[in-house]
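Visitor: Residues per chain are reported as follows:
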Amino acid sequence: MKTIQIKPIATEFAEDKDLAAKIRDNDLRPAIECGETVMLDFAGVTGATQSFVHAMISDLIRRDGPDVLDSIQFANCDQAVKYIIQIVSEYSQYEIE
Amino acid sequence: MRVHLPNSARLQNIEAFLSEFSPEQPGVLDFSMHDRWVAVHPAVLAFTASVADMVTRNGGEHRGEVHNIRSVPYLIRMGLFDHVCIPHHISITAHEEAGRFIPLSRISTSRELSDFIVHMIPLLHAQPQQVEPIRYVISEIVRNVLEHAQCPGGAFLCAQYFRSSGILSIGVADAGIGIQHTMSQCHRVPTAWDALVLALTPGYSGTTSRIGGTAYNAGAGLFFTKSIACASRNYFILYSGNALFKLKPIRAGRQVVLYANPLEDHHTKRVNMPEWQGTLVGIDIQLETDIMFAALMGAIREAYSVDVKRKKDEYKRPTFV
Numbered sequence: 001m002k003t004i005q006i007k008p009i010a011t012e013f014a015e016d017k018d019l020a021a022k023i024r025d026n027d028l029r030p031a032i033e034c035g036e037t038v039m040l041d042f043a044g045v046t047g048a049t050q051s052f053v054h055a056m057i058s059d060l061i062r063r064d065g066p067d068v069l070d071s072i073q074f075a076n077c078d079q080a081v082k083y084i085i086q087i088v089s090e091y092s093q094y095e096i097e
Numbered sequence: 001m002r003v004h005l006p007n008s009a010r011l012q013n014i015e016a017f018l019s020e021f022s023p024e025q026p027g028v029l030d031f032s033m034h035d036r037w038v039a040v041h042p043a044v045l046a047f048t049a050s051v052a053d054m055v056t057r058n059g060g061e062h063r064g065e066v067h068n069i070r071s072v073p074y075l076i077r078m079g080l081f082d083h084v085c086i087p088h089h090i091s092i093t094a095h096e097e098a099g100r101f102i103p104l105s106r107i108s109t110s111r112e113l114s115d116f117i118v119h120m121i122p123l124l125h126a127q128p129q130q131v132e133p134i135r136y137v138i139s140e141i142v143r144n145v146l147e148h149a150q151c152p153g154g155a156f157l158c159a160q161y162f163r164s165s166g167i168l169s170i171g172v173a174d175a176g177i178g179i180q181h182t183m184s185q186c187h188r189v190p191t192a193w194d195a196l197v198l199a200l201t202p203g204y205s206g207t208t209s210r211i212g213g214t215a216y217n218a219g220a221g222l223f224f225t226k227s228i229a230c231a232s233r234n235y236f237i238l239y240s241g242n243a244l245f246k247l248k249p250i251r252a253g254r255q256v257v258l259y260a261n262p263l264e265d266h267h268t269k270r271v272n273m274p275e276w277q278g279t280l281v282g283i284d285i286q287l288e289t290d291i292m293f294a295a296l297m298g299a300i301r302e303a304y305s306v307d308v309k310r311k312k313d314e315y316k317r318p319t320f321v
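In the order they appear, the protein sequences are chains V and A.
First residue of the first sequence: 1, per our numbering; consecutive thereafter.
First residue of the second sequence: 1, per our numbering; consecutive thereafter.
Please note that a few of the clues may not be correct.
So the derived label-pair ranges between C-beta atoms look like this [stated by the list, open to error]:
hint: 1; chain 1: V; residue 1: Asp78; chain 2: A; residue 2: Arg210; range: 41 to 47 Å
hint: 2; chain 1: A; residue 1: His119; chain 2: V; residue 2: Gly65; range: 18 to 24 Å
hint: 3; chain 1: A; residue 1: Arg10; chain 2: V; residue 2: Asp25; range: 41 to 47 Å
hint: 4; chain 1: V; residue 1: Lys7; chain 2: A; residue 2: Pro87; range: 45 to 51 Å
hint: 5; chain 1: V; residue 1: Pro30; chain 2: A; residue 2: Val256; range: 40 to 46 Å
hint: 6; chain 1: A; residue 1: Glu302; chain 2: V; residue 2: Pro8; range: 30 to 36 Å
hint: 7; chain 1: A; residue 1: Ser209; chain 2: V; residue 2: Glu33; range: 26 to 32 Å
hint: 8; chain 1: V; residue 1: Asp25; chain 2: A; residue 2: His125; range: 37 to 43 Å
hint: 9; chain 1: V; residue 1: Asp70; chain 2: A; residue 2: Glu112; range: 37 to 43 Å
hint: 10; chain 1: V; residue 1: Asp78; chain 2: A; residue 2: Ser22; range: 46 to 52 Å
Derived DSSO-like pairs (lysine-lysine); straight-line CA-CA distance at most 30 Å [stated by the list, open to error]:
hint: 11; chain 1: V; residue 1: Lys82; chain 2: A; residue 2: Lys269
hint: 12; chain 1: A; residue 1: Lys248; chain 2: V; residue 2: Lys2
hint: 13; chain 1: V; residue 1: Lys82; chain 2: V; residue 2: Lys22
hint: 14; chain 1: A; residue 1: Lys316; chain 2: V; residue 2: Lys7
Okay, the calculated bits of chain V under chain A, using three or more residues with CB under 8 Å as the criterion [stated by the list, open to error]:
hint: 15; stretch: 7-16
hint: 16; stretch: 27-37
hint: 17; stretch: 42-56
Hint data in this document are derived by calculation from the structure and do not stem from the laboratory.
Note that CB positions come from ideal geometry on N, CA and C, so glycine has one too.
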């Protein structure tokens with residue numbers, strides 16, 4: 001399993017979408033494409049924006065399908081961050097008519 | 001352009017201030033103020049600074065008079081006359097800023113925003129649970145400006161904490177291309193009001209016609225921001241083009257319900273306002289509240305899906321460890 005620590009990259013308030021996109025493209029997507037499970041470790045992160053989480057995971061869910069979530073674990077999230085991850089995970093699975 | 005600072009301009013009565021604004025003659029700032037007392041929301045100051053900066057960037061001149069009244073030290077400390085360049089020869093005694101206000105700041109890059117958020121928090125002397133909505137709102141609003149406004153002057157931001165009411169007031173303004181111009185690149189928005197409504201509805205981004213946004217942009221920042229104001233039973237305004245959306249507070253005793261469709265909110269609609277090519281956002285947040293930020297995010301989760309697109313019956317759930 002590959003672990004990505006969010007705080008050293010995005011600080012304790014994860015809000016910079018450019019950094020989120022870098023995590024997605026440089027670490028998260030390549031690892032998943034190699035068949036690895038990835039742990040996104042939010043230890044020390046006291047807050048995150050929906051924009052940050054969206055930039056990090058939404059495109060993976062839309063392009064690869066919801067099952068990509070089987071390859072991602074979210075660790076040490078506080079309750080607000082959990083809700084934001086749930087919001088993004090859910091709306092990324094909406095059926096587009 | 002004409003800006004007049006009235007006796008009073010809070011979010012509840014900001015229409016009067018905005019109605020006095022004139023976008024005519026973009027090469028001149030004609031500044032005036034009430035001659036006895038000025039009590040204005042930070043959104044008014046951010047807007048005035050943005051207008052002044054636009055005139056400056058046009059190579060124009062600033063005209064007007066600064067009255068030496070009791071509220072002028074506040075305007076000076078907020079940095080208004082660093083942008084409205086009218087000589088006033090009024091000296092003030094500086095006081096410690098912590099816990100009271102964030103003076104006018106210009107943010108032009110993503111890095112500046114991240115640094116600003118880090119350095120702003122100690123200024124407010126806020127408790128950890130109070131910090132979360134403040135930094136969330138500022139990040140989302142200012143990133144909207146940086147990503148969509150195409151404004152070389154960046155975003156102007158300032159904030160004021162009112163200890164007696166426990167309310168933090170925030171204003172963010174830009175002189176960019178405006179919401180209708182941004183949204184019309186990908187959506188049909190015949191009027192500025194249509195554009196405001198769409199911008200406040202989650203899932204509609206100015207970067208794609210696809211509902212739900214792109215890999216980079218979800219089109220939900222203003223919805224989250226409005227929801228934070230709504231949950232704390234306060235005002236939120238969005239002004240761009242000739243339209244103004246004002247969220248009005250939910251009265252005490254009534255249940256807070258968050259709506260994905262902004263037209264279902266308790267709001268005021270104003271059209272035929274003076275044309276402002278950029279965007280102004282104002283918000284009040286109640287910091288002395290029992291509402292935890294996590295609970296707010298839970299409520300937003302419930303509201304989010306409504307009106308966006310048909311939900312699936314079953315979602316793959318994220319795994320938390």
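Visitor: None of the hints should be skipped; say for each whether it holds.
Guide: Comparing the hints with the structure gives:
Here the CB-CB span from aspartate 78/V to arginine 210/A is close to 31 Å, at odds with the stated 41 to 47 Å. For histidine 119/A and glycine 65/V, the Cβ-Cβ distance of about 42 Å falls outside the hinted range of 18 to 24 Å, so the restraint is violated. For the hinted restraint 41 to 47 Å between arginine 10/A and aspartate 25/V, the CB-CB distance of approximately 45 Å keeps it satisfied. Roughly 48 Å separates the CB atoms of lysine 7/V and proline 87/A, a value that falls within the hinted 45 to 51 Å.
Here the CB-CB span from proline 30/V to valine 256/A is close to 43 Å, well matched to the stated 40 to 46 Å. Evaluation of the 30 to 36 Å hint for glutamate 302/A and proline 8/V yields a pass: the beta carbon distance comes to about 33 Å. A beta carbon spacing of about 29 Å between serine 209/A and glutamate 33/V agrees with the range 26 to 32 Å that was offered as a hint. A hinted range of 37 to 43 Å for the beta carbons of aspartate 25/V and histidine 125/A is consistent with their spacing of about 39 Å.
At about 39 Å, the CB distance of aspartate 70/V to glutamate 112/A agrees with the hint of 37 to 43 Å. Between aspartate 78/V and serine 22/A, the C-beta spacing of about 48 Å keeps the proposed range 46 to 52 Å intact. Restraint check for lysine 82/V and lysine 269/A: the C-alpha separation of about 35 Å exceeds 30 Å, so the hint is violated. A threshold of 30 Å between alpha carbons decides the hint, and for lysine 248/A with lysine 2/V the separation of about 47 Å lies outside it, so the pair is violated.
For the suggested pair lysine 82/V and lysine 22/V, the alpha carbons sit about 21 Å apart, so the restraint of at most 30 Å is met. With a C-alpha separation of about 26 Å, the suggested pairing of lysine 316/A with lysine 7/V holds against the 30 Å cut-off. Taking a C-beta to C-beta cut-off of 8 Å, the stretch 7-16 of chain V contributes 4 residues in contact with chain A, enough for the three needed, and the coverage statement holds. With 0 residues carrying a beta carbon less than 8 Å from a beta carbon of chain A, the stretch 27-37 of chain V misses the three-residue requirement, and the given coverage is violated.
Counting residues of the stretch 42-56 of chain V whose beta carbon lies closer than 8 Å to any beta carbon of chain A gives 7, which meets the minimum of three for the stated coverage.
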